[in-house]
Amino acid sequence: MLNIRSVGLSLTLEKGVPLGSGLGSSAASAAAAAVADLFLAGLESEVKVSGYRADNIAPAIMGGFVLIRSYDPLQLMSLKFPEEKELFFVLANPDIEAMPHHVWNCSQAGALAASVLQGDLVGQGKALSSDKIVEPKRAPLIPGMEGLKKAAIGAGAFGCTISGAGPTAVAVIDDEEIERRLGREWWKPFGRQRI
Numbered sequence: 001m002l003n004i005r006s007v008g009l010s011l012t013l014e015k016g017v018p019l020g021s022g023l024g025s026s027a028a029s030a031a032a033a034a035v036a037d038l039f040l041a042g043l044e045s046e047v048k049v050s051g052y053r054a055d056n057i058a059p060a061i062m063g064g065f066v067l068i069r070s071y072d073p074l075q076l077m078s079l080k081f082p083e084e085k086e087l088f089f090v091l092a093n094p095d096i097e098a099m100p101h102h103v104w105n106c107s108q109a110g111a112l113a114a115s116v117l118q119g120d121l122v123g124q125g126k127a128l129s130s131d132k133i134v135e136p137k138r139a140p141l142i143p144g145m146e147g148l149k150k151a152a153i154g155a156g157a158f159g160c161t162i163s164g165a166g167p168t169a170v171a172v173i174d175d176e177e178i179e180r181r182l183g184r185e186w187w188k189p190f191g192r193q194r195i
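According to UniProt numbering, the sequence shown is numbered sequentially starting from 1.
Do not take every clue at face value.
Stated by the list, open to error - Computed cross-link-like contacts, DSS-like style, restricted to lysine-lysine with a CA-CA straight-line distance of at most 25 angstroms:
#1 Lys149 x Lys132
#2 Lys137 x Lys150
#3 Lys137 x Lys126
#4 Lys150 x Lys132
#5 Lys126 x Lys149
#6 Lys15 x Lys48
#7 Lys15 x Lys80
Hints are computed from structural coordinates only; laboratory data are not their basis.
Using the sequences plus the hints, can you model the full thing?
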């Protein structure tokens with residue numbers, strides 16, 4: 001499937017099942033490889049039909065709710081829903097196609113919510129920093145915004161974006177020293193009092 005003919009393929013597995021324990025470690029590896037192959041093959045088939053989209057093939061193979069956080073690199077988030085809840089879906093299918101930037105921003109909004117619920121600060125920062133609709137239009141209207149974002153991420157922030165409609169910038173940080181340093185210096189490109 002990968003068109004590899006003359007070189008080897010190396011995989012690194014991290015799992016909580018000890019080797020040689022009789023707990024099915026080798027079967028878990030084989031199953032993971034089979035599911036990964038099945039997913040990639042299904043994704044390749046989907047490319048032929050409707051483009052490079054994992055939004056249908058991922059939940060079909062993995063089950064449940066699956067958020068496509070990113071396509072480059074491909075990152076999937078399996079979302080757990082309380083089993084005691086019974087869901088019903090009512091669908092209406094208008095004769096239009098969604099715009100790709102809106103689809104992207106919706107997936108990032110979902111990724112942001114999921115990351116907050118899962119305590120995933122890296123994921124929260126990525127989702128926060130990935131706006132393809134509002135920030136590209138508004139950031140040029142906010143003097144210093146591009147520099148603020150680069151400085152925050154360069155200092156170790158997980159992500160940075162415009163807060164609401166702006167012009168305030170917000171960065172996500174879990175290190176108090178970085179927070180203090182940015183609190184002293186970061187706001188200066190704005191040329192106004194910090195918060």
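task: Starting from Lys137, check that the Cα of Lys126 is at most 25 angstroms away, please.
output: It holds: about 19 angstroms lies between the C-alpha atoms, which stays within 25 angstroms.
- request: Take the C-alpha atoms of Lys126 and Lys149, compute the straight-line distance between them, and say whether it is at most 25 angstroms.
  value: The hint holds at about 12 angstroms.
field: Hinted pair Lys137 and Lys150, Cα distance within 25 angstroms
entry: Holds - the C-alpha atoms of Lys150 and Lys137 are around 17 angstroms apart, at most 25 angstroms.
query: Is the Cα-Cα distance between Lys150 and Lys132 25 angstroms or less?
result: The given pair, whose Cα atoms are some 17 angstroms apart, holds under the 25 angstroms limit.
- prompt: Between Lys15 and Lys80, is the straight-line Cα distance small enough, at 25 angstroms or below?
  reply: At roughly 20 angstroms apart (the allowed maximum being 25 angstroms), Lys80 and Lys15 satisfy the hint.
message: Check whether the Cα positions of Lys15 and Lys48 lie no farther apart than 25 angstroms.
response: 34 angstroms, violated
message: Hinted pair, alpha-carbon criterion (25 angstroms max): Lys149, Lys132. Please report holds or violated.
response: Between Lys149 and Lys132 the Cα gap is close to 15 angstroms, so the pair holds against 25 angstroms.
Going down the numbered hints, you'll see the structure goes against just number 6.
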